[in-house]
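What follows is the residue order along each chain.
Number of protein chains: 2
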Amino acid sequence: MKSDPDAGGLFAPERVAVVGATEREGSIGAAIFQNLVDFAGDVVPVNPSRDSVFGQECYPDVASVPDGVDLVVIVVPPSIAVEAVQGAGEAGVRNVVVITAGFSETGPEGAQREQELRSVAEEYDLTLVGPNSLGVLSTPLNLNATFGPSNALPGSLSFMSQSGAFITAVLDWANDQGIGFKDVVSLGNKAVLNESDFLRYWQDDPETNVVLGYLEGVADGRTFIDTARDVTQETPAVVVKSGRTDAGAEAASSHTGTIAGSEAAYEAAFEQAGVVRAENVQELFDYARALDGLPTLDSEQVGIITNAGGPGVMATDAVGESQLTMASFTDATLSSLEEAMPEEANIYNPVDAIGDADIERFETALDTVLGDDNVGCAIVISAPTAIVDFGELATVVADRQAAHGKPVVACLMGGERTERAAELLGEAGIPNYFDPARAVGSLDALAVQQDVEARSYEEPETFDVDQERAREILTEAADRGARRLGVEAMDILDAYGLPIPDAELVEDPADAVKAASNIDGDVVMKIVSPDIVHKSDIGGVAVGVPQDDVADTYETLVTRARNYQPDATILGVQVQEMVDTEAGTETILGMNRDPQFGPLVLFGLGGVFVEVLEDTSVRVAPVSGREAGEMVDELDSAPLLRGARGRTPADEAAVEEAIQRLSQLVTDFDAILELDVNPLLATADGVQALDVRLTIDPEEL
Amino acid sequence: MKSDPDAGGLFAPERVAVVGATEREGSIGAAIFQNLVDFAGDVVPVNPSRDSVFGQECYPDVASVPDGVDLVVIVVPPSIAVEAVQGAGEAGVRNVVVITAGFSETGPEGAQREQELRSVAEEYDLTLVGPNSLGVLSTPLNLNATFGPSNALPGSLSFMSQSGAFITAVLDWANDQGIGFKDVVSLGNKAVLNESDFLRYWQDDPETNVVLGYLEGVADGRTFIDTARDVTQETPAVVVKSGRTDAGAEAASSHTGTIAGSEAAYEAAFEQAGVVRAENVQELFDYARALDGLPTLDSEQVGIITNAGGPGVMATDAVGESQLTMASFTDATLSSLEEAMPEEANIYNPVDAIGDADIERFETALDTVLGDDNVGCAIVISAPTAIVDFGELATVVADRQAAHGKPVVACLMGGERTERAAELLGEAGIPNYFDPARAVGSLDALAVQQDVEARSYEEPETFDVDQERAREILTEAADRGARRLGVEAMDILDAYGLPIPDAELVEDPADAVKAASNIDGDVVMKIVSPDIVHKSDIGGVAVGVPQDDVADTYETLVTRARNYQPDATILGVQVQEMVDTEAGTETILGMNRDPQFGPLVLFGLGGVFVEVLEDTSVRVAPVSGREAGEMVDELDSAPLLRGARGRTPADEAAVEEAIQRLSQLVTDFDAILELDVNPLLATADGVQALDVRLTIDPEEL
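Read top to bottom, the protein sequences are chains R and E.
Take 1 as the starting number for the first sequence in my numbering and just add one per residue.
Take 1 as the starting number for the second sequence in my numbering and just add one per residue.
Because the hints were derived from the structure by calculation, they are not lab data.
Ideal Cβ positions, reconstructed from N, Cα and C, are used throughout, including at glycine.
Check before you lean on any hint, since a few could be wrong.
[What the hints assert, rightly or not] Taking CB as the label site, the calculated pair distances span:
| no. | chain 1 | residue 1 | chain 2 | residue 2 | range |
| --- | --- | --- | --- | --- | --- |
| 1 | E | Asp331 | R | Glu234 | 53 to 59 Å |
| 2 | E | Asp537 | R | Thr325 | 33 to 39 Å |
| 3 | R | Thr325 | E | Arg484 | 56 to 62 Å |
| 4 | E | Pro60 | R | Asp356 | 18 to 24 Å |
| 5 | E | Glu90 | R | Arg420 | 48 to 54 Å |
The task is simple: from the sequences and hints, build the whole structure.
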């Protein structure tokens, strides 16, 4: 894969060759060639079995084209597609779109073919889209190198989709809605270029305001997060990720062979990357249009002006369910409104200008509300009345938005009578919806994006840890054939600065007594064996052992373990200081590896909170300080860490540091496949890891 | 308010008088009169200051109209509106629509006027809509007695709205969408007729298939639940209730003066009443159209047929997030599909007929899938392709739905090219959406309604209780001036069959010793004072008191209470058997009174589950056995009652019985304003109420 491909060559070529161009009706080769007829540059058909295609001279291969080409579109059958790509590469062309299907989506033979394609692309350093793609499209040069039935209107949205059919549906619909695009790409099987490459390209494209995506998976989770995090600081990215549910993920796998990362991982990754997630097609375009057309949101306080009480209440409800809040007007605003409105009107937010409101009353109210420093954005709602002409109202809304520079959305409610008004509003970038909830949703998308842009990315902190010591412990375990480690691995946590109780692993009763003597008071003793997972269940844990009983207890624990499982490897007994778990809150700090995103860190409160209520939060490692804080915030049970019900508040900073240190550990060692610190006891004085389990893959050490 | 008004007279009159009819441009009196021009019956203008209105002879009052009228529409100014209504009543007219505004929505004077209007209506037994109404409309007789700008298309939806402006917006939009109505009513201030009356009327109206409502509140919660529960067994009712959020409720109150019941109460009431709740306008009409046009759903298994993988995945995701499930096809279905489909197609659900699918392939696939007994309904998805004509596909979809009698919804995706197809589908009652999620939402509404119709309403059980004893305890407390009761009221629970520990309230140390001697082992002793709420905090509770210490402990508790609050009324000390709370799960069973719905019963697990996680369920009393079961089911923490994490499962039947017995208690006594049994200990052997607090209103005794 190219580290920094210039996707620009795909969207702004000068000369395009269609390899496999033909005149055969219903063929893809004919459809693409005909779609390219209005391209601002040159289009050259390539096909060894034809002299001409639709009246243009046809060449046997790319190398034979006089003056060369800078983009090649491949539509030949799969059996000769790789060869055709190689021909393009040999002819010095860098930009290739492989329309041809019959690659990894069809089974092992196709997967092998895709591997060959990838090798050729690497050899010739190709910027390659597909295979199994509908093609690419870019409106500034009127480049339509797709075989779909519709072209796109010009616009400032750029759209990538893992479903070519979805592109055809969207373009047909968008043309009708007057929604335009800058670039569109059908990602196909993503053999070379993937979503991260296009995100990166569109970030630097001055003609792209918003990136839209339909994805069923991402090719490389880490690259996606790093790229998107950077891109979304300036260019909003709205994505529908399908395959969210188990059934959907299965369907996606059968559709594009996507190996599903977990839904939790995608949710965390999109959040960390600042991607605005849309749940469905309607949200995808509602959000994209708002982010494209409206001014930046400076504050989340909404002012509502309506001539209809009911829809005003609906809008207010929707605000209550969003990230936005209802603005409180200043006294000056209230005075102005009182003066301008009839007595029966409501001058408080939502402003009800009542049914006989004319254009002037709407204009005054909107102007007054937008002029209020407490108001960050506004919604104008109108039911159809004999007095209000929607076209005039649309003009007023557009003018007032321009004058105040604050986002305004409209609900001019009705049927055909709203069409002209919607067009006028659309020209000013203002969406109009019948449903007040959708209008609020549009403003809410601005608020989400504002938060993304406002947060500054902080590098995850690198703590001063003893990585070598951790590696030694892991290597030692691997050398003795262990795959699952328990308390004997507590020192790995210690090496990464996670506090653990005083404890020692001893191999005979005498050492146990010695170890205990270094500890004040009674001790806890645990059998240590990689083969015995549930130590408590077999009586392998003794709590509150007086110093005098330590030797006997050693023998008892070992005997019980031997009786329970004669062939178990017994590493010894851990002698540990007593910890008062009642003095704090038991939490769980865990990690597993996601196939797409790598190490996922999980945090939650112990016991029923994780196991029954599933109240956990997840982030892709490495986790920054801000993200660790969010992981605590997100828990419904967070108040229990913070002193709810008369508890002593836990040291939250210590909890967050523990999350980050664990994140560093699992990022440093690919060999750690799963890890659970359970419990991590959180008290007012800090945290302490009381037990650990991990699974390792020695191959990765 | 009439107990059984015949709203039919409002929608199917023979002769209508418009009191206040005029020709003045822009006036409501002119607008209504002109909207009535196409009415199938007669329309008569009434106005003492005119001889004729738009060429029709005008009469000074209703009594003077020759041959009489059977519906009167009042549009005179508020000052003479009540008089005009009285005139109609005296003339023997029963059906009145009061358009005139300026009643309770405007302040105290208006409220007084509304009270007079209500008295007149009672006196003449009027079936009265309004005041402050847009009017009524019914398509079979082409009756448009509204002053809105649009008439309605004929149809089988009947619509009531607490916002007149919302009706004008909806009609304008619906006409454009081809959505028709049977009756429409603007409820106005609901001085006489309210939502329950219209629900009841439309239940028996053969021309109404689905009732739609926009409500900001209900006039009488109990009547609403009882009526709607009955109606929704046969006629679906889809309602947007606005004022869901705090901000929205405040806006609703300012709009229509609605006194908000709590959102939790509405949610419970709608659930108990079988009302399908829509969150926004889009859902309101999506659900209504599905329930109106589609056949009944027999099973929730969905089959999906698509020519586009991506949208198929989106639909599958939406199914995963709905009440529906993806169907598993039989082997016979899979064989048939395998035979009919090309090799690259996916024959498993969602069926991907791939991009080159023609009409025949779609038809075969749909026919095969609908013929599968495992399939209850289907979604047909098509991206635009050169091969598929959407009009033809629409015909196939409608035919196959008719042939199999199973609901089918469509996602023929695109812009203008879908319009003709959408019309054809619409004629067959089949909705077409671009967004697969909305198509799934339509089918999901059928599933919700199917559940409503499938459940048989069971009368809440009436347990054999000692109501008199409970009354005596309440009266006695009221007589001594108490408003807040504590453990001294435990016997109320006992009288209603809620198990309580052995306990006795004693007033001196000697009686305490005697009481303790009737109990085995150690006892619990608690100070009993209506003035001391947090007994534990002041050392007013002694747990594990040996029999020998009972007398001393009595003195200690009383002394502590006196020191803490010298003026506190001390009723004595409760001597109670020790209960091992570790042996079960602490739950909370509570009740408060909602302004709209009366007694609300609440259940949850104790401690953090209620206080921090707010994991509770609520129902309007009286609560049936099924509803009590649902209250337990709904809790996220329910597994903890059922043996999660090695617990002994609690006796769930006993929990449900306790909920019902408490429901009976609070239904029997309006005097109980609030009540909390906390904890109600649930063990494998049953439940036990360990403490109680209640607030009473002696006026209601």
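A quick look at each hint next to the structure:
1. About 55 Å separates the C-beta atoms of E:Asp331 and R:Glu234, a value consistent with the hinted range of 53 to 59 Å.
2. Against the hinted window of 33 to 39 Å, the Cβ-Cβ separation of E:Asp537 and R:Thr325 comes to about 37 Å, which satisfies the hint.
3. Checked against the hint of 56 to 62 Å, the pair R:Thr325 and E:Arg484 fails, with Cβ atoms roughly 37 Å apart.
4. Separated by about 29 Å at the C-beta atoms, E:Pro60 and R:Asp356 break the suggested range of 18 to 24 Å.
5. Hint check: E:Glu90 to R:Arg420, Cβ distance near 50 Å, so the stated range 48 to 54 Å holds.
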